[in-house]
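Work out the full structure: start from the sequences and follow the hints.
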Amino acid sequence: MSEISSAAATAHVPAAAAPEIPKLPPRQWAKENLFSNPFSTALTIITTVILLTISRALLSFIFNPIRQWDSTATNMQLFFTRAYPDEQYVRVWFCLAVILILTSVSMAVWQAGSSIPVARLGRKFLAGGALLGILTLLAPFSTSGTIKWLLAAACVAVIGESTRRFASSGGTERTVNSLTVLAITLAGLAASLWVVPYGHYTYVANREPRVLAEEGTVALTTKLPWTIMLLIAVSAFLLGRWIRDRLPTNPTRVTLLILWLLSPPVLIYVVLRDPSFDMGHVFSTDLPIFVSYAIGGALLLSWLTRPSTGEAGRIVAVIILIAGFCTFLTPMRMVVRLDMLTLAVFALAAPTFAGGPRNRRRYVLGWLGVLSVMSWLITSINTPSTVTVPGGFFIGGFSITLMVAVFTLVLSFPLGIALALARTSTMPIFRLLATWFIEFVRGVPLITILIFFSIMVPLFLPRGMHLGEVAAVVIGYVLFSAAYLAENVRGGLQSVTRGQHEAAEAVGMTTAQKTLFIVLPQGLRVAIPPLVGHCIGVFKETSLLAIIGVFDILYIGRIVIPGQTEFMGSTKENLLFVSVIYWIFAYQMSKASQRLEQRTGLGER
Amino acid sequence: MTDTTPVEPTDGQTRDLSGARDMIVCENVSKWYGDFQALDGVSANIKEQEVVVVLGPSGSGKSTWIRCINRLEIHQQGRIVVDDVELTNDLRNIEKVRSEVGMVFQQFNLFPHLTIMDNVTLAPIWVRKKPRAEAESQAMALLERVGIPEQAEKYPGQLSGGQQQRVAIARALAMEPRIMLFDEPTSALDPEMIKEVLDVMKALALSGMTMMVVTHEMGFAKEVADRLIFMEDGQIVEQNTTELFFSNPTEDRTKAFLSQIL
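If you read the protein sequences in the order shown, they are chains G and W.
The C-terminal residue of the first sequence carries number 743 in the numbering used here, and the numbering is unbroken.
The C-terminal residue of the second sequence carries number 292 in the numbering used here, and the numbering is unbroken.
Just so you know, the hints here were simulated from the structure itself, not pulled from any lab data.
Careful: at least some of the hints might be erroneous.
Claimed, not checked - Partial list, computed: chain G residues near chain W (C-beta under 10 Å):
id, residue
1, 490
2, 494
3, 497
4, 645
5, 647
6, 648
7, 654
8, 660
What the hints assert, rightly or not - Partial list, computed: chain G residues near chain W (C-beta under 8 Å):
id, residue
9, 656
10, 659
11, 663
What the hints assert, rightly or not - Here are a few chain W residues that sit away from chain G, every Cβ distance over 10 Å (derived from the structure):
id, residue
12, 67
13, 113
14, 123
15, 280
16, 288
Where is the CB? At the ideal position from N, CA and C, for every residue including glycine.
Rendered as structure tokens:
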């Protein structure tokens with residue numbers, strides 16, 4: 139009886155958990171993974187030797203006394219913003235603050251960060267200390283230098299080991315949020331600005347070291363702003379947490395995304411606005427045009443999206459389209475024409491989105507959004523009316539790299555997707571035009587396009603219309619990027635199976651609905667890796683702007699700083715610094731793409 | 031499979047549908063893929079509330095025919111009229127027919143990036159322009175009808191094949207179609223999952239839906255079908271009421287086919 143009951147009891151026990159893979163002691167681990175047979179032993183030894191040689195070479199390069207690292211530290215402002223006027227510099231900090239606030243709030247709302255066991259953190263410190271020790275031994279230091287660095291390494295290792303002990307002593311596993319670690323690290327860096335005089339440089343003239351600038355130039359001007367930035371970021375994160383806990387998730391996220399999309403045009407306006415700019419033209423011409431289109435278009439579209447309007451709507455839409463084309467026959471403002479054409483496109487698509495009051499309101503809001511962005515862009519490009527978009531630009535360095543990359547990507551994504559859709563469409567005209575465009579642009583080198591747009595486009599523009607050089611180049615770059623992007627997206631679209639198309643058609647979806655709800659979401663997800671590759675490529679290839687005379691970060695590091703009398707020939711140091719900056723951003727992009735893939739992978743088989 | 035209503039087997043007893051009107055009319059439908067003729071003068075009428083099972087060896091054109099009926103394939107000759115709407119190149123007619131005709135595929139073809147609930151409600155909201163709340167309550171009712179209301183928030187990849195196919199049926203039903211087409215709905219399923227899908231289909235047939243089913247499930251055909259159509263080489267070889275088809279096939283090819291699969 140007892141045997142039966144025990145058998146029954148075991149039957150109810152869930153299947154045993156998979157056996158835990160035992161953690162090997164270091165020596166055994168090394169034996170199994172590194173020295174398991176003669177070949178792997180040889181491989182291990184050769185790799186170690188190569189790694190050590192490279193590290194030593196790199197360290198000898200960095201710590202060579204003839205390296206002028208001060209040239210990098212002193213020229214931080216040049217690197218990041220070029221010669222942005224000092225008295226207006228608060229605008230740059232303002233932009234940075236806005237970006238930081240958006241980032242922090244988004245991180246809180248999207249619940250970024252994970253909890254790390256303190257013990258693992260301790261182990262990382264321990265390993266870091268050991269690595270630092272090894273590197274110190276490799277580096278070409280004097281004896282006192284070696285001892286100093288070894289002491290530092292030992293300190294790090296001791297901190298790590300004691301943290302580990304402390305964490306494992308309590309019995310329960312202690313964890314810490316990765317964002318807390320990040321905040322503490324950043325706080326440490328900000329605090330170091332108050333202590334260490336970065337950018338206090340000397341140079342050898344007539345064999346006599348001389349201090350040129352006042353002490354701690356960089357630290358002096360940036361310690362207060364950076365501390366404020368840190369405080370802003372932390373408080374924005376707390377605000378984000380408060381928002382996350384109290385407001386509904388989805389509307390918050392949508393609002394944040396919209397803010398992110400709006401931030402580039404707004405920030406560029408903040409940075410580049412001419413202080414002596416006259417708003418008269420905007421109030422007298424641009425705003426009235428915008429307002430009349432906004433009100434008229436909204437009324438028209440809310441009528442067209444009413445289900446009872448029916449086929450009459452299409453006729454009205456076609457009339458608007460024809461009228462839009464006719465505007466090109468008579469002289470008038472470009473804004474009026476473009477707004478008219480956009481309105482026609484919205485009117486043509488309106489019956490597809492017809493429905494209840496909620497759908498209609500959403501559609502009208504979409505029109506208002508597109509109209510606002512378009513009006514803003516046109517207004518800012520038309521120099522006589524508003525902003526000095528980078529014409530005689532005084533901004534440069536890394537900020538111009540970022541600006542060009544962001545604008546190129548933001549504008550070329552919709553264009554690229556549209557091109558990909560056109561190329562896969564069943565309508566021959568669209569397919570033909572898209573194919574020609576893509577094949578033409580892909581056949582021309584980027585430099586050609588950049589030079590063409592910077593020199594030729596201003597010649598083709600109608601009289602009275604000016605386009606800043608960078609704006610012209612960005613347009614060319616957008617076209618170039620869109621052509622490549624379209625091919626990546628097309629690859630993704632083609633991976634969507636025929637069955638998905640058929641299922642969408644079988645439930646009665648129109649082509650637009652099928653594309654929007656079924657094909658694009660799946661196709662774009664597949665295309666994430668090549669798309670991120672493309673983003674990184676666009677980001678790095680902005681360095682070609684130097685050819686048409688834009689002072690981007692690479693140009694500054696390669697030509698400008700090594701040409702300063704104090705830092706003659708400091709090319710190598712600055713190139714290394716520039717490549718580190720590029721790497722940090724590119725690496726963050728690929729990390730973001732991995733996270734994006736994981737998130738969107740939800741529900742995949 | 032617990033929630034579907036038990037099915038009373040009709041055992042091939044023919045319902046009297048002679049007075050019903052024609053839901054699908056096919057006249058001399060032909061289709062070619064390049065030089066290969068997939069359909070060769072197919073003519074058949076399907077009446078309202080009738081359940082027709084199409085049989086035949088693979089490559090006989092059954093799937094092509096059924097897919098022509100909601101114009102996933104385009105026929106090149108002949109006429110197809112669905113619920114008094116003729117299928118032509120006119121997009122409005124195609125949209126009308128597709129919203130009247132539900133289709134269930136062999137490979138389920140659920141939308142993998144959407145939850146089960148979104149799979150079912152997407153078309154009612156955007157094609158039928160229903161308010162979301164109404165579409166969701168209807169979707170819940172349908173999911174209950176096919177026996178998987180508890181899976182609504184999952185993704186298709188997390189469901190078994192049989193569950194996925196039942197969601198696909200619910201998705202088609204959400205458009206409130208008057209005709210349902212089934213293209214080998216159980217061929218991609220493991221044997222133990224076939225029954226749960228067939229039970230849903232039986233319940234649907236009993237509720238009076240007009241159905242056209244391509245299948246190799248003879249048990250289902252015997253039990254539920256009003257009429258059987260046997261196809262080979264793109265032609266209809268024989269069609270008859272279920273009883274007569276199995277007891278007294280007239281054509282030699284039908285006999286050979288039946289002797290192989292029964």
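Hint by hint, here is what the structure shows:
Given hint, residue 490/G at the interface with chain W, holds; its Cβ is 9 Å from that chain's nearest Cβ, closer than 10 Å. The closest approach between the C-beta of residue 494/G and any C-beta of chain W is roughly 6 Å, which is under the 10 Å cut-off, so the hint is satisfied. Because the beta carbon of residue 497/G sits about 8 Å from the nearest beta carbon in chain W, less than 10 Å, this interface hint is met. Against a cut-off of 10 Å between C-beta atoms, the interface hint on residue 645/G holds, since the closest Cβ of chain W lies about 4 Å away.
With its C-beta approaching chain W no nearer than about 6 Å, residue 647/G sits inside the 10 Å limit, and its interface hint holds. A hinted interface residue such as residue 648/G counts as satisfied when its beta carbon comes closer than 10 Å to some beta carbon of chain W; here the least separation is about 7 Å, so the hint holds. Interface restraint check: residue 654/G against chain W, minimum CB-CB distance 9 Å, threshold 10 Å, status holds. Evaluation of the residue 660/G hint against chain W yields a held restraint, the C-beta minimum of about 6 Å falling below 10 Å.
Because the beta carbon of residue 656/G sits about 6 Å from the nearest beta carbon in chain W, less than 8 Å, this interface hint is met. Annotation: interface hint on residue 659/G holds; nearest CB of chain W at approximately 5 Å, less than 8 Å. A cut of 8 Å between beta carbons decides the hint on residue 663/G: the least distance to chain W is about 7 Å, and the hint holds. A cut-off of 10 Å between C-beta atoms confirms that residue 67/W is not in contact with chain G; the least separation is 22 Å.
The claim that residue 113/W lies off the interface holds: its Cβ sits roughly 14 Å from the closest Cβ of chain G, which is beyond the 10 Å cut-off. Once the 10 Å rule is applied to beta carbons, residue 123/W is consistent with being away from chain G; the minimum gap is 12 Å. Residue placement check: residue 280/W keeps its beta carbon more than 10 Å from all beta carbons of chain G (closest about 35 Å). At roughly 31 Å from the closest C-beta of chain G, the C-beta of residue 288/W stays outside 10 Å, upholding its exclusion from the interface.
Checked against the numbered hints above, the structure breaks none of them.
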